[in-house]
Structures are given as C-alpha cells and as structure tokens.
Amino acid sequence: MDPIILFFLLGLIAALLRSELRLPPAIYEFLSVLLLLTIGLKGGVELATQPMSTLLPQMVAVIVMGFVLPLLSFPLLLKLGRFKRADAASLAAHYGSVSVGTFAVAVAYLGHQQIEYESHMPLFVVLLEVPAIIVGIILAKGITRETNWKALAHETFLGKSIVLLLGGLLIGWAVGPSGVEPLSGLFFNTFKGVLALFLLEMGLITAQHVSSLRKYGIPLILFGLGLPLASACIGALLGNLLGLSVGGTTVLATLAASASYIAVPAAIRTAVPEANPALSLAASLGITFPFNVLVGIPLYHRLALQISGTPL
Amino acid sequence: MDPIILFFLLGLIAALLRSELRLPPAIYEFLSVLLLLTIGLKGGVELATQPMSTLLPQMVAVIVMGFVLPLLSFPLLLKLGRFKRADAASLAAHYGSVSVGTFAVAVAYLGHQQIEYESHMPLFVVLLEVPAIIVGIILAKGITRETNWKALAHETFLGKSIVLLLGGLLIGWAVGPSGVEPLSGLFFNTFKGVLALFLLEMGLITAQHVSSLRKYGIPLILFGLGLPLASACIGALLGNLLGLSVGGTTVLATLAASASYIAVPAAIRTAVPEANPALSLAASLGITFPFNVLVGIPLYHRLALQISGTPL
Amino acid sequence: MDPIILFFLLGLIAALLRSELRLPPAIYEFLSVLLLLTIGLKGGVELATQPMSTLLPQMVAVIVMGFVLPLLSFPLLLKLGRFKRADAASLAAHYGSVSVGTFAVAVAYLGHQQIEYESHMPLFVVLLEVPAIIVGIILAKGITRETNWKALAHETFLGKSIVLLLGGLLIGWAVGPSGVEPLSGLFFNTFKGVLALFLLEMGLITAQHVSSLRKYGIPLILFGLGLPLASACIGALLGNLLGLSVGGTTVLATLAASASYIAVPAAIRTAVPEANPALSLAASLGITFPFNVLVGIPLYHRLALQISGTPL
Amino acid sequence: MSDKKQPKLVVIITESVIETTLLTDLEVLGVKGFTISDVRGRGHRGTRAGEWGIDGNIRIEIVCGESLSDQILAFLEQKYYDNYAMITYCSDVSVIRPEKFLG
Amino acid sequence: MSDKKQPKLVVIITESVIETTLLTDLEVLGVKGFTISDVRGRGHRGTRAGEWGIDGNIRIEIVCGESLSDQILAFLEQKYYDNYAMITYCSDVSVIRPEKFLG
Amino acid sequence: MSDKKQPKLVVIITESVIETTLLTDLEVLGVKGFTISDVRGRGHRGTRAGEWGIDGNIRIEIVCGESLSDQILAFLEQKYYDNYAMITYCSDVSVIRPEKFLG
Ligand SMILES: Nc1ncnc2c1ncn2[C@@H]1O[C@H](COP(=O)(O)O)[C@@H](O)[C@H]1O
Ligand SMILES: Nc1ncnc2c1ncn2[C@@H]1O[C@H](COP(=O)(O)O)[C@@H](O)[C@H]1O
Ligand SMILES: Nc1ncnc2c1ncn2[C@@H]1O[C@H](COP(=O)(O)O)[C@@H](O)[C@H]1O
Ligand code: NA
Ligand code: NA
Ligand code: NA
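Those protein sequence lines, which keep their order, are chains U, R, C, S, W and G.
Under this note's numbering, the first residue of the first sequence is numbered 1, with each subsequent residue one higher.
Under this note's numbering, the first residue of the second sequence is numbered 1001, with each subsequent residue one higher.
Under this note's numbering, the first residue of the third sequence is numbered 2001, with each subsequent residue one higher.
Under this note's numbering, the first residue of the fourth sequence is numbered 3001, with each subsequent residue one higher.
Under this note's numbering, the first residue of the fifth sequence is numbered 4001, with each subsequent residue one higher.
Under this note's numbering, the first residue of the sixth sequence is numbered 5001, with each subsequent residue one higher.
Calculated directly from the structure, the hints in this document are not laboratory data.
Every residue gets a Cβ at the ideal spot worked out from N, C-alpha and C, and that includes glycine.
Fair warning: there could be bad hints in the mix.
Footprint (simulated), chain U over chain C, 3 or more residues, beta carbon under 8 angstroms [to be verified]:
#, segment
1, 2005–2013
2, 2016–2026
3, 2194–2204
Model the full assembly from the supplied sequences, consistent with the hints where possible.
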C-alpha cells in the first residue's frame, strides 16, 4: 500500500482516538502552498512541451464538463435530496469543482502502480477548479441586474488556491523544463513527503467532519457517495472520448469524482452566505474525501480499464 | 566537530547574549514533527528487514529497563534529594524516559565518526518513551481503586510524540525500504539540516532554563549530572549483555542517560498537577540536555568501548 | 527569465489585484531563517578555503565602503531631499546596509547566466550589514556623553539577521566544505525553491508598500531610484579596484545598491524612534527592492562589464 | 465626529473568511482604528477550531465613541447575524488621548 | 437557564496544556460558547514564553450570565488555582441578542 | 504594595518591535504579571498587518491596582505615544484572589 494513504489513516485514527496530535495552522498552509505550486509548475512545464493543437480540444471539453457537472447535480440535490436552494447550489459547486489533495493521491497511486498517464493532467485541475464555482453562485442567486460580476470574478479567480495553481502553471509554462529544474530541490524532490504530511493533517481534519455527519443524516451520506460515483463515470467516459490513456482516464474520473474543500468553501461562504458551510464540508471532507482516497481511486482505475476495453 | 553541535551552541550563545533571535512556535512544531516521523520511519523500515526472533528478546530487555530506571532513581530523589514525592516521581519519569533530540545527536555523532551501530535503534526510542511515564504517575499517585486507567493510557499512549514515533514506525514497517523510498526527499535527505535547526532552537530554549537553575540550587544540578551518568552505565551494561556493537551500546547508554522534555512533561503536567514542571524542565533542559549533547555522548562512547573490551 | 523573478511578479500582481493569497508570518520567518543561514554557511565554507592574506584587504575595503556610503547619502537626503534629520539618517542607514534577498537574486541571476563570481561574496553581505546601522544611529543622535554604546552594540550585532548570517558564517568556516556537506539536503538543495517562495512573499509585501508611496511623493521616489544607482557605481568601482571578476563586481555593485528591509528597520526603530519607519520602508521595499530585482541587477552587470573593459 | 463622551470597547468575534468584507463595511461606518487577533472557539454554529481553511475565527476590538458603537452593533446584527457565526459585546473603557478614538 | 440579567465577560488565562480538560469541565458547568487565543505571559509561576512544548498559555473568554460566571470562578479557584498557572477576571458587558448567551 | 482597591485591566496595543524595552519599563514600574498576544490592526499610523518583520503589533493586558494602572498610563503617554503606534485603554474588573494582582 502506498505509504501516503497510511499517513492519512494515521491522522484519522489519532484524531478519532482523541490524541493531542495537531499541526499548527501555519504548517497546513505551508504544505498546501507547496502542493499547489508544485502541481501548477508540473502542469505548466508539460504545457510548454506540447502542441496547443492537441491540448486545446481537450481543454475545451474539460471546461465544459466543469460547467455541466454542477448543472446535473443541482436538480438532484434540490428534488431528491430536498436540500434548500442555497445548500443544493453550494453542494453542486463543491462536487463540480476538484480537490487538489485527491488529485495528488491519484497521481501517487498511478506512480506507485507504475501506470502511465498524460503528464498535462495538472492543467485539468486548474481548468476544473473555477467553472463550478461560477455555476454554483449563479444557481444560488440567479442572474439579476444586481449581479455583481466584478465581485464574482474576484471570488472565483483570485482565491488563494487558484492564484497558486494558475501562477505555478504560468511560471512553469514560461520557463519550461530546464528553467524549473533548479527549483526541483524544494518543489519536486520533497513532493511525496509533503503530500504525506498533508494527508496526515487531512486525516486529523477529516475525523472532525466525520463526527459531524450524524447531524445531517442518511441523505447527505448517500449523496456523498453517489455523486462521486456518478461523476467518475462521466469523467471516465470523457477521458475515453478524448483518447486519454487508461492512467489519464483514471485521473479525469478522479477529478470529476473529487469534491473541493479549499477553494469552493471560501468562495461560496462570501458569495452565498445563506448556504450552510458545515453541511457541504461534512459531505466533502467527512465522506467523499476519505472515500475517494481509500476506495474510490482504485475503483476509478478499474472503471477506466473497463471503458478502455483493456482486459482486467 | 559535528556542525549540528555548533548550531546548538549558536542558539545557546545568542540567547545568553539576549539576542532577538527567536523561531516561531509553528516552526519548532514542524521541525519536531519531521524529526519524530523520520526516526519512526527509519526504525520501522529496519523492523521490516529483521527477524522477530532476534529483536524480541532485545525489545523485552529494553522495556524492562524503561520500567526499572525510574524505580531506581525515585528513592534516591526522595531520600537523598529530599524532593517532594510528586517532584521525585516527576523527575524519575523524565529521566527514565528518553529525549528524541539527544538520540538524534548521538546517531549523528556516530555517523560523523563513522562508527557502525544496529539500525533498529529507533525502535528502542519508541519502547523507552512510555514505561517511565506509567511508573512516574503511579509513583506519584499510588495505585488505588480510583486510578483512572483509561486516562492514564490516554496520556501515555496518545501524546503527540508517541503517536508520531509509533505511527512512523508502523508505516515504515508496513511499507518497507522500497515503500519509504519516495518519501526520502523530505524525510531523510533533509534530516541533518532539520536536526541542525532543531538544535538551534533547543539552544535558545535551553538558555532560558539554564538561567532558572539558580532557583533550585546545587542538589538539582547534582542530580542533573549524576542521574544520566548512572543511567548511562546501566544502559551500556545492558547493551553489552544484549550483544550490541560498540555503536549500538553507545546509543543505548545515551538513551538511558537522556531525559525527556516533550512527551513526559505534557503527560505528567495533566496527570500529576502537584509536581512543579519548572523544576523538572530546569534539570532536563537546563543541565542534562546540554551536558549529554556537548559532553555526555563522547563519554558514553568511551564507556561502550571500555565495557566491550575494545582497546581505546 | 529566471523563474524566481516570476515568483516575485506573481506575488506582486496577486496583491495588486487584491487576491486573498497571503502566507502566514511563521512561514516568512522560516524562509528567511533558511536564506540567512544558507548564505552564511556558504560564505563560511569559502572563508575556510581561502588564504586570509587575499581576503583581508578586500574585507577592510568593503567595511570602509559600509561606513562611507551612509555618510555620503546623509547630506544629500538632508539638503536635497529636505527630510527631517532622523529620517535622513534612517534612510542613509537603510541604503548603506544591504538586502539579503537582493543579494540572493543577484547570485541566482549570475548562476542563471552562467557568469562566474568570487565565491566569498556572502562574507561581504555580513560585513556590509552592520556599519551603516552604526553610522545611521550616530548621525541621528550625535555622539554625546550619554551615548549608550552597549545598547548600540546590542542593537547592531544581536539583531536576528546578523546572528544568523554571522552564526552560519562561523559554523561554515569552522567545519569547512566536508562538514557542511550533510546539511546540504536542507540548506543548499532547496535553496532556489526557498528563494522562490521568499520572493513570492516579498511580492505580496512590496505591493503594500508600493501603494503607500503616494503619501510621500516624488522626492522619495527619486531617492529610491537615484541612491541605488549612485551606490552601484561606487560598488562597481571598488569591485574593479579590488580586482574582482565581472561577476564579483556585479555582486558588489548590487550589494551597494540594495537597501535593507530587515535588520536596519528593526535596529533603527528602537534606536531612533523619531524616524518614520513607513517612510524608509516605502523607499526600500516600495521602490528599491523591485527596481533592483527587476531592472537593477542586469544593469549593474552591464556596468561591471563596462568598468572592467570587457566588450559588451 | 461629535460622538457622545463615554468611550466604548466593541468586540466582534466572527469567521475569519469575512475579514475583508467586514473591514470594508466598518470603514464605511466610520471606524478609524481596530485591532485583530486570530482565535478559535465554539458557539451556536459549532466548533471553529481554526486549524485550516475557513475554520478559523477572528476577534476584532474597536475603541470608539458611544454613538458609533451603537451604529456598529446595529449594522452587524442586521447584515451578518443571520448567516454568519458572530457575537459582539460592548463595555465602557477609559482612555488617554480620547481624541485618538472620538475623532 | 434562568440566569441573572447582567451579562458578564469571564476571562481565564492559563497553561495551554490543560485546554482539553478545562473545556470539558466548562462544558459540564453549562458553558455553551467560548473563544480561545494563544498567548504568552508572566505571573507568579514565572515566564511562559509560548515558544515550544508546554510553555504556552491560552486565553479563554466567555460571555455568560451572572450566576454561571460565579460558578465558573468558584470552580476554577477550587480545582485549578493551587496547581496551575492561572488567573481569571470578570467584567460587565452589554450584548445584542442576549438570548445567545443567557440560554 | 498598598494599591487602591478597585482592580483594573490595562490594555496596551503597540508595535511588537518594542516588546523587550516596554516589558523592562513595565517591570521597573512594578508590574508583576502580564499577558501578551500577537495581533494586527489599523490606527493613526496606518495599517500594521503583522505579516513580516517589524510590521506586527502586540496586545499586552495587565490586571493591577488602580494607582499602578494610573502610573502605567502616565508613563506610556510620556515615553512612547509621540513616536510609536500605541493605544491604551483601561476598565474595571473583578478578580478572585486579588492578592495575586495588588501585591
Ligand atoms: N458565549 C460566548 N462567549 C465567548 N465567545 C463566544 C460565545 N459564543 C460564541 N462565541 C464565539 O463566537 C463565535 C461565533 O459564535 P456563534 O455565532 O454562536 O457560533 C464562536 O465560534 C466563538 O468563538
Ligand atoms: N497581573 C496579571 N495581568 C495579566 N495577566 C497575568 C497577570 N498575572 C498573571 N497573568 C497571566 O496568567 C498566567 C498565569 O499566572 P500565574 O498563575 O500568576 O503564573 C501568566 O503566565 C500570565 O499570562
Ligand atoms: N480605535 C482603535 N480601536 C482598537 N484598536 C486600535 C484603535 N486605534 C488603534 N488601534 C490599534 O493600535 C495600534 C496603534 O495605533 P495608532 O497609534 O493609532 O497607529 C493600531 O495598529 C491598532 O492595532
Ligand atoms: Na468534482
Ligand atoms: Na533516560
Ligand atoms: Na546598500
């Protein structure tokens, strides 16, 4: 088993046993800054080496998926889940966007299993982060004359994680592989260790949200498991359609299945104050993140194999 | 001279000269998390490669030492030192347990001198951390019907440093050398540098406790020097008995001689509130830590040579 | 373009667009501790390998420059700039001393352009940090019977950055190249990445000071551009006089041109309370730092080439 | 501003995610000075442990005149109380150089 | 809970190592809301610089009714004062939505 | 010290760079206990965001007797107010074990 998963379990178990283990918030920030920049830089470097003509159609398709996913889940959440409009929109935004931590675990999983994948995947992370936020906010508030587009753009494009991902991407793209090389000591060589520590912390955080699940009942748990599974199928189909490898399809399915817990909560909290942030985080962190990390990713890999017609 | 010792001296001197140099608490936490996990991982990896039949007897013997050391020092502290019961028990716990920082310096010393040692030593750190805490608490409170065993177990086994050491150990053991390899960029390659920064901070902290020594007078200083020396002899004899190499014997002597300043203070503070924490930290940080780091370790090395019959 | 410059721009632009991106203060501290120690260690190692007879004359000349620069700029600031005495003295101290961040960027620039330079340059950083502080304080307060020399020495020699630079230097010098080698995993291999993050943060900080420039008007902007240019000429001439290579001359010019924003502000704030700290930081961080990093260093390189008579 | 004479200390404890918006609002109300610390806590909206992301609280303290303090409280109750974790309290303080606060 | 009307602010400054125990005790006493900040300080038990390990202090502030505040103070004095670095103080405050605190 | 009976809470918010000097001064004045937190803020001398270097504020709180509190305020106004970002305020508090503060 990949050791990073064990770090996640260590954090989870320590917190469930009420250990005093806790990392200072500044360390959590530091680790996530490193993760975001590294993923951005990696994506940018790939961008620099690939012809735009191959990338552009994929990019467009992925962005479209980012807009469509929340539009599909919103009515389900509203009607089937009987969530309030603001909460349904918020959940749709969380699940339509992506979790960078889950992405990193998927990539580590493929590396550990020595499965190849298209190296421009980080680009998709960046592309998928934003559209669902926009859709979610519009679903909650509707488009009226008073819609403050400027504030909307600010909240979606200038959040911390987008700036770091996009910034890393642009820098990587501008300087290319050789330019990024001198930075590898901090960003690439320590990546797996940084991810391990990050997952240790995620385990600690997840435990708190697991215990808040009780309050929200079965429907939330069902959505927390059902939405990622359904989205993973859409992601896997799209990956196959775009001609991605099995590894690439696995990553795209994982991205579709993952739910944001950094960028989206912050943006929705200011833009849609009526939505209950505890509800969406209970789903995203208490159910979907551990599910994806522990069970989902290998599942999406099998799904990708099946869809691609590769014999298992 | 090993540069890490110089980092310790830098911190010590800077603080004694009242420099404004200070590291933020979050950095101290980060460094100690890295140290604890790295030492745990290293120990676990060794565990994975060695037959249990060799390890088990050593493990039992070391655990027994962990229970015996505080039982030996307690009456001395009570009678000779005339400390209050709670304080004697607290000191016995501090000196019966181990200091991870001192261990790391000992290992760095051996590496610097190119002396071989058994690579499963980190396992002993984990084993020695807990027993003295249990003994100390029982010595202070006695065993009565009201003894809250659950709280006792919680305080001893779920403290931050135990969780990280033990967690690292289990992860290292589960995934083995090849599994841990991808983590080496953060955990192993930077280890010496992390230790250097940690010792810089320890120098700053030690200085404060050195200056509080005056308050507690000569007896505390005598115990702060005498206890480690006596314990080192016990540790060295045990190492020889168990057939450890000269390097391994040096490490075991150092572990016996070292006094805890992370796990034990926290556990004793909640379990034995009547004990004066400033007293035990003045001894452990103000005397024993600097003594071991600057003078003790080379001394214990000579001791190990002598006991093993190697000509000096 | 060197990617570290792009990190600076990323921070600058993010902050100017009012992004929520912000790094916790503890991270800023951590990064600057790493930078200072690494630069100190590098300088010390070089010191260990070079004959004192070559170094000593250079060292004396550089220290003299450290005393002369603020003495030259002070009357200009007072008369031409019409700054208050305390502010003129404070600005003279800031510009007479050096910016470690700017130095690191200059070194990265030369590395990126594969230009050789004398490897004992970090020694000059240490030597240039202090003299201007002493001169600045004396210029502001005058020398009277009440001059508290002890406090003055404390403020100049025991500030955080001096202790780390000097401490690193002494340690590097004491243990030499082979002794420092085991520390390279943390200090040297991650250096460029640490510098990149540091510059990201500097971009965020700079942006705040850029926007405070308005308050102080044109004269401050003129001095913020003029002083570094004039000082760079002096530094370049001295470099040439001392027989430094083109790379070394570039670094000395950059050091002369750079303005302190860590050590000097702290020392001056306590020693010369009447000086307005916002004024000197607006100049040093809002103008001179970005100017040097983005435009100055390549300019000083051309200057060094010209002075050395190398055809461009 | 001609504020009533008794200086007040207003303390606001709320979610750190709204810091920027809240400070802008306070500025519009006429608040010239404030002090912020990063805190954690528990209340009607559950525990906010401040360990990551949007989980932290801030504590804003404002020394000001009585009428401004009334305005602040009324405004906060109306704009933020329904949707955000927030408490406020208010007490009398004495200050030196009152013109620093009442102006 | 029918608490007397004057809302009180209770501030407790003590060793961070007892945070968990103390919060459990406060919950049992009926405290529903509190705010914590990490601080450092000096007192009868010396300097607590908060630089590492068990060396730090926390500052807990609780807005509550008068009778609960009395209970808290009495309880703390009895259970913690003898063995831990701790101070408490108490003052009158005015609040909006008092039902948030007195309930 | 025979201080007047009403215990006071003195709060000082100022630049963190003067912490050491200020604490020395307070000790000389007779302050035995204090609590410090790291904060940020805005005032007459602009925004102090506490993100780096000398840009941060500290908040010192001191519980003490009335005459000491007067002395502190007078001293601070005279020595620090003109050149440093600083505010102070003062309020009545009630304490248990007043001898911890008035002695
Ligand atoms: N009674 C109280 N005393 C002190 N702080 C409180 C109290 N109630 C709530 N808080 C703080 O205010 C925040 C928001 O409160 P609430 O809106 O009740 O969730 C909490 O997270 C606490 O930090
Ligand atoms: N007079 C005081 N004013 C403000 N805080 C104090 C005072 N005395 C003690 N403290 C704080 O309370 C903690 C415990 O105090 P003590 O029990 O006196 O050591 C100290 O570490 C300080 O943070
Ligand atoms: N009215 C106020 N209320 C609360 N804190 C303030 C106020 N005015 C100033 N401060 C704080 O005191 C510091 C110094 O204030 P000043 O000397 O006005 O710049 C500021 O940075 C704030 O942290
Ligand atoms: Na998704
Ligand atoms: Na021991
Ligand atoms: Na200069």
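Do the hints match the structure? See the list:
Evaluation of the coverage hint for the segment 2005–2013 of chain C: fulfilled, as 3 residues show C-beta separations to chain U shorter than 8 angstroms, against a requirement of three. Against chain U, the segment 2016–2026 of chain C contributes 10 residues with a C-beta closer than 8 angstroms to a partner C-beta. That satisfies the three-residue criterion, and the hint holds. Only residues whose C-beta sits within less than 8 angstroms of a C-beta in chain U count toward coverage, and the segment 2194–2204 of chain C has 3 of them, enough to reach three; the restraint holds.
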